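Undergrad: Whenever a hint applies, use it, and build me the whole structure from the sequences.
2 protein chains.
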Amino acid sequence: MRSHILGKIELDRTRLAKDLGYLASVPTVEEEYDEFSNGFWKNIPLWNATGEGEDRLYRDVPGSAIATEHAARVPYLREIVQTVFVGDRLKMARTRNLKNAVVIPHRDFVELDQDVDRYFRTFMVLEDSPQAFHSNEDTVIHMRPGEIWFLDAATVHAAINFSEHSRQSLCIDFAFDGGFDEKEIFADPTVYDPGATPEIVTRKPFTQEHRDRILSLSKVIERQNFRDLLFLLSKVHFTYDVHPGDAYDWLVEIAKKADDEKMVVKAEQIREFAMEARALHDRFSLTSW
Amino acid sequence: MRSHILGKIELDRTRLAKDLGYLASVPTVEEEYDEFSNGFWKNIPLWNATGEGEDRLYRDVPGSAIATEHAARVPYLREIVQTVFVGDRLKMARTRNLKNAVVIPHRDFVELDQDVDRYFRTFMVLEDSPQAFHSNEDTVIHMRPGEIWFLDAATVHAAINFSEHSRQSLCIDFAFDGGFDEKEIFADPTVYDPGATPEIVTRKPFTQEHRDRILSLSKVIERQNFRDLLFLLSKVHFTYDVHPGDAYDWLVEIAKKADDEKMVVKAEQIREFAMEARALHDRFSLTSW
Numbered sequence: 001m002r003s004h005i006l007g008k009i010e011l012d013r014t015r016l017a018k019d020l021g022y023l024a025s026v027p028t029v030e031e032e033y034d035e036f037s038n039g040f041w042k043n044i045p046l047w048n049a050t051g052e053g054e055d056r057l058y059r060d061v062p063g064s065a066i067a068t069e070h071a072a073r074v075p076y077l078r079e080i081v082q083t084v085f086v087g088d089r090l091k092m093a094r095t096r097n098l099k100n101a102v103v104i105p106h107r108d109f110v111e112l113d114q115d116v117d118r119y120f121r122t123f124m125v126l127e128d129s130p131q132a133f134h135s136n137e138d139t140v141i142h143m144r145p146g147e148i149w150f151l152d153a154a155t156v157h158a159a160i161n162f163s164e165h166s167r168q169s170l171c172i173d174f175a176f177d178g179g180f181d182e183k184e185i186f187a188d189p190t191v192y193d194p195g196a197t198p199e200i201v202t203r204k205p206f207t208q209e210h211r212d213r214i215l216s217l218s219k220v221i222e223r224q225n226f227r228d229l230l231f232l233l234s235k236v237h238f239t240y241d242v243h244p245g246d247a248y249d250w251l252v253e254i255a256k257k258a259d260d261e262k263m264v265v266k267a268e269q270i271r272e273f274a275m276e277a278r279a280l281h282d283r284f285s286l287t288s289w
Numbered sequence: 001m002r003s004h005i006l007g008k009i010e011l012d013r014t015r016l017a018k019d020l021g022y023l024a025s026v027p028t029v030e031e032e033y034d035e036f037s038n039g040f041w042k043n044i045p046l047w048n049a050t051g052e053g054e055d056r057l058y059r060d061v062p063g064s065a066i067a068t069e070h071a072a073r074v075p076y077l078r079e080i081v082q083t084v085f086v087g088d089r090l091k092m093a094r095t096r097n098l099k100n101a102v103v104i105p106h107r108d109f110v111e112l113d114q115d116v117d118r119y120f121r122t123f124m125v126l127e128d129s130p131q132a133f134h135s136n137e138d139t140v141i142h143m144r145p146g147e148i149w150f151l152d153a154a155t156v157h158a159a160i161n162f163s164e165h166s167r168q169s170l171c172i173d174f175a176f177d178g179g180f181d182e183k184e185i186f187a188d189p190t191v192y193d194p195g196a197t198p199e200i201v202t203r204k205p206f207t208q209e210h211r212d213r214i215l216s217l218s219k220v221i222e223r224q225n226f227r228d229l230l231f232l233l234s235k236v237h238f239t240y241d242v243h244p245g246d247a248y249d250w251l252v253e254i255a256k257k258a259d260d261e262k263m264v265v266k267a268e269q270i271r272e273f274a275m276e277a278r279a280l281h282d283r284f285s286l287t288s289w
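The listed protein sequences correspond, in order, to chains E and Z.
Under the UniProt record's numbering, the first residue of the first sequence is numbered 1, with each subsequent residue one higher.
Under the UniProt record's numbering, the first residue of the second sequence is numbered 1, with each subsequent residue one higher.
Hints listed in this document are in silico derivations from the structure and should not be mistaken for laboratory results.
Treat the hints with caution; some may be incorrect.
Copies of the same chain look alike in the list, so a pair counts if it fits in one copy or across any two.
[What the hints assert, rightly or not] Below are the BS3-like pairs computed for lysine-lysine, each with C-alpha atoms no more than 27 Å apart in a straight line:
(1) LYS262 x LYS204
(2) LYS219 x LYS257
(3) LYS183 x LYS8
(4) LYS18 x LYS8
(5) LYS256 x LYS219
(6) LYS219 x LYS204
(7) LYS262 x LYS219
In this text the structure is predicted, and so the values were computed from the model without any measurement.
TA: Encoded structure:
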């Protein structure tokens, strides 16, 4: 199952503006998984495993998620969550914002015990932000406000906002005990309307010549800029038609050409960590050598 | 006048640990001047122009600065500020932390009306963080905890923490109406003991061959990674013996080699903005084209 549009709601701009104002006023904190991003990434939990407004970690939770104090401050978003979606499968609802930031290509849920098919993540952009994109395997998407997306977090995906303009969004996670149909997440069956045509980003061709230019970063890479180059490489696939995971292969090759075994090992480790087998709470440093 | 050590105090680790705990608990917010840094940069005002704990902007203020609510929560640091330094020239006192972050080379106070010689900035690192450095013109410094530094913010300087380990510090700004002697900032005259030998970082030679490698970034630069490359270039001088301001000259040259006039203009603008003549509240975007 790949990322696709599940339905669309018409957002009430006036009511939404008040909620966005509250979200903007919540201070940013250091994020879980912040090895995966640079720049400004702000997650605010509305429902989560504990009901605590500072608890940002997704985890398996028996029963349904608990509203945090933030949910009370965003009445319009609360109404959307409670009227559009089925509450008893809801495991987490959070707003997410990116500015001048990239979330590097990775797979989610690999740290959880259960079969990834149990998990179902939806994502809805709340503000029109033309320079903000998602990627999923070989596709780059510009999500339009109000579109409810299934986000296939178990396959390789990434996100970016090339600008400093806010890209507030609502991310809702569901989990099921066994098989399910995607329409089961909706309390309001009229919202479920799959098959809409998404705004796919037309990317430039990725050529061997471009690949060679990227690999010339072996002349510049050092341990002190290893992390910067990882983020730089992670952005290429948003503009050029190449798989997001190739960023890691380039990083490994660049490190090999630079002939620094520690960098090669770290490049292979971050590829493994992001793409394959990270463990819950397993932290990874891009800057310790 | 260049950056130099003014004196040193013995930090009480036990009392300090409690204050550091409070500072770590204060949420990070988006910072004024955040065009100048990437990564994690956290400033907490203890004394400022308004006494408001969220007011992070340095500005000229008649009389002395006002304590914020944060000052009450860090009794040891409050005691240091109030017993070591003269209160009536104090314009701002704030804690500053950097993690996995660089503050790009720049000059301060250029946006203020008055003669820069009126301003006197001191800086004291509170935690030992071996991968954190300051630079000032042709010198890179590793500040040791308890050293009270005059930081010559009116000349070209930059800062970095290559690691994710906390580098909490205390930055205190003074201003005078006319001529003054640096010892006038001290209420406790026994602390003033200039002339100590700093820990200067021995850097690698910067060669023409290295410069050519840096300029090969013209093969990779695009508008989408322009900002990333600026930060990457800003780090070079911490490891190699080259002036911090050269980062901007390389950026201009790389943009010219890449033959993108808009990038050339932006590179020249950021050089001007950081090094010469930025205006107060004048914001600059590295990502809008």
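Undergrad: Against this structure, judge whether each hint is valid.
TA: Structure-based check of all given hints:
1. Taking the shortest alpha-carbon separations for LYS262 and LYS204, only the inter-copy value of 20 Å comes in at or below 27 Å, while the best intra-copy value is 33 Å.
2. For the identical chains of this complex, LYS219 and LYS257 are neighbours both inside a copy (8 Å) and across copies (17 Å), given an alpha-carbon limit of 27 Å.
3. Taking the shortest alpha-carbon separations for LYS183 and LYS8, only the intra-copy value of 13 Å comes in at or below 27 Å, while the best inter-copy value is 67 Å.
4. In this assembly of identical chains, LYS18 and LYS8 lie within 27 Å of each other by CA distance solely inside one copy; the values are 21 Å within and 50 Å between copies.
5. In this assembly of identical chains, the alpha carbons of LYS256 and LYS219 lie at most 27 Å apart whether taken from the same copy (11 Å) or from different copies (19 Å).
6. For a Cα distance limit of 27 Å, the shortest separation of LYS219 from LYS204 qualifies both inside one copy, at 25 Å, and across copies, at 16 Å.
7. Taking identical chains as interchangeable, the C-alpha atoms of LYS262 and LYS219 lie at most 27 Å apart whether they share a chain (16 Å) or sit on different chains (26 Å).
Hint check: no violations occur; every hint is consistent with the structure.
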